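Student: Chain residues, written in single-letter form:
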Amino acid sequence: EAQVTQNPRYLITVTGKKLTVTCSQNMNHEYMSWYRQDPGLGLRQIYYSMNVEVTDKGDVPEGYKVSRKEKRNFPLILESPSPNQTSLYFCASSPTQTGNYGYTFGSGTRLTVV
Amino acid sequence: KNQVEQSPQSLIILEGKNCTLQCNYTVSPFSNLRWYKQDTGRGPVSLTIMTFSENTKSNGRYTATLDADTKQSSLHITASQLSDSASYICVVSGGVGYIPTFGRGTSLIVHP
Chain A
15 EAQVTQNPRY LITVTGKKLT VTCSQNMNHE YMSWYRQDPG LGLRQIYYSM
65 NVEVTDKGDV PEGYKVSRKE KRNFPLILES PSPNQTSLYF CASSPTQTGN
115 YGYTFGSGTR LTVV
Chain B
13 KNQVEQSPQS LIILEGKNCT LQCNYTVSPF SNLRWYKQDT GRGPVSLTIM
63 TFSENTKSNG RYTATLDADT KQSSLHITAS QLSDSASYIC VVSGGVGYIP
113 TFGRGTSLIV HP
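Protein sequences, first through last, are from chains A and B. When we follow this note's numbering, the leftmost residue of the first sequence carries the number 15, and every step to the right adds one. When we follow this note's numbering, the leftmost residue of the second sequence carries the number 13, and every step to the right adds one.
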């Protein structure tokens, strides 16, 4: 089944403890991206990647890192999480950057930083 | 700055009724417009995708329209069902890098 898989689904952590949220897609998509979703604000792009070893900042990149060493994986790294990063996170992929074929989203990761 | 505005913010309708959701955008140049359905706590799922040359696209009981001149789109839901209760998000891509701009969504509740 074609899908985007995120792990974990739920995560509670403490301020300053490094964490990684994994994202993997099995559709050979070139484009992958991360979003956070907060009440009343909608989805906001954190980082995106047009292909292997090519990443760029979205609208809200502060406090996050990403890497794209393989086409299928696009992990989101929080080096020193803070409470304002408590949010619902989504990874998405698309065949191309244009989005003309739509995005496939993962099921989400609900992160709580205390 | 690119913006996508959706209205209404929330909507309550009775099962079986029709409804129309609106999306206005300022993204330029325009590449495509997509409507997504998002169930609570789940990832958005694509309903329709329209490029500049398309002005209507249907997916079952969902019909999206696009007026590229006025930069407006609508999503019409026919004969609503309880399972239509969700947030509907309009996403417009264009400009340098085709970075998507997301609307904040319309929350639809369908009552029996």
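Treat the hints with care, as some may be off.
To be verified - Derived list of chain A stretches under chain B, where covered just means 3 residues or more per stretch with a C-beta under 8 Å from a C-beta of chain B:
id : stretch
1  : 52-62
2  : 78-85
3  : 98-112
Said to hold, decoys possible - Cross-link-like lysine-lysine pairs, in silico, DSSO-like; alpha carbons within 30 Å at most:
id : chain 1 : residue 1 : chain 2 : residue 2
4  : A       : K71       : B       : K13
5  : A       : K83       : A       : K71
6  : A       : K32       : A       : K83
7  : B       : K69       : B       : K29
8  : B       : K83       : A       : K71
9  : A       : K31       : A       : K71
10 : A       : K32       : A       : K71
11 : B       : K29       : B       : K83
12 : A       : K79       : B       : K13
Just so you know, these hints were derived from the structure itself, not from any lab. Predicted, not measured: the structure shown is a model, and the values here were computed from it. Cβ coordinates follow ideal geometry from the N, Cα and C atoms, glycine included.
Student: Is it true that the CA of K32(A) sits at most 30 Å from the CA of K71(A)?
Tutor: With a Cα-Cα distance of about 20 Å, the restraint between K32(A) and K71(A) holds, given a limit of 30 Å.
Student: For a C-alpha distance cap of 30 Å, please report whether K69(B) and K29(B) respect it.
Tutor: This hinted pair holds, its Cα atoms lying about 20 Å apart.
Student: Taking a Cβ-to-Cβ distance below 8 Å as contact, does the stretch 52-62 of chain A have at least three residues touching chain B?
Tutor: Contact hint for the stretch 52-62 of chain A vs chain B: holds, 7 residues under 8 Å.
Student: When I compare C-beta atoms, does the stretch 98-112 of chain A have three or more residues closer than 8 Å to chain B?
Tutor: holds (count 5)
Student: At a Cβ distance under 8 Å, does chain B reach at least three residues of the stretch 78-85 of chain A?
Tutor: violated (count 0)
Student: Take a quick look at whether K71(A) and K13(B) sit within 30 Å of each other, Cα to Cα.
Tutor: Distance ~17 Å between K71(A) and K13(B) Cα, so the pair holds.
Student: Has the given pair, K32(A) with K83(A), been kept, meaning a C-alpha gap of at most 30 Å?
Tutor: Measuring from Cα to Cα gives roughly 20 Å; hence the hint holds.
Student: For the pair we were handed, K83(B) and K71(A), check the Cα-Cα distance against 30 Å.
Tutor: holds, 27 Å
Student: Do the alpha carbons of K31(A) and K71(A) lie within 30 Å of each other, as the hint requires?
Tutor: Between K31(A) and K71(A) the Cα gap is close to 23 Å, so the pair holds against 30 Å.
Student: Between K79(A) and K13(B), does the CA-CA distance stay at or below 30 Å?
Tutor: Cα-Cα ~25 Å, so holds.
Student: Measure nothing beyond the straight line between the CA atoms of K29(B) and K83(B); if it is 30 Å or shorter, mark the hint as holding.
Tutor: This hinted pair holds, its Cα atoms lying about 27 Å apart.
Student: Holds or violated: K83(A) and K71(A), Cα atoms, limit 30 Å.
Tutor: holds, 17 Å
Consistency note: the structure conflicts with earlier hint 2 alone.
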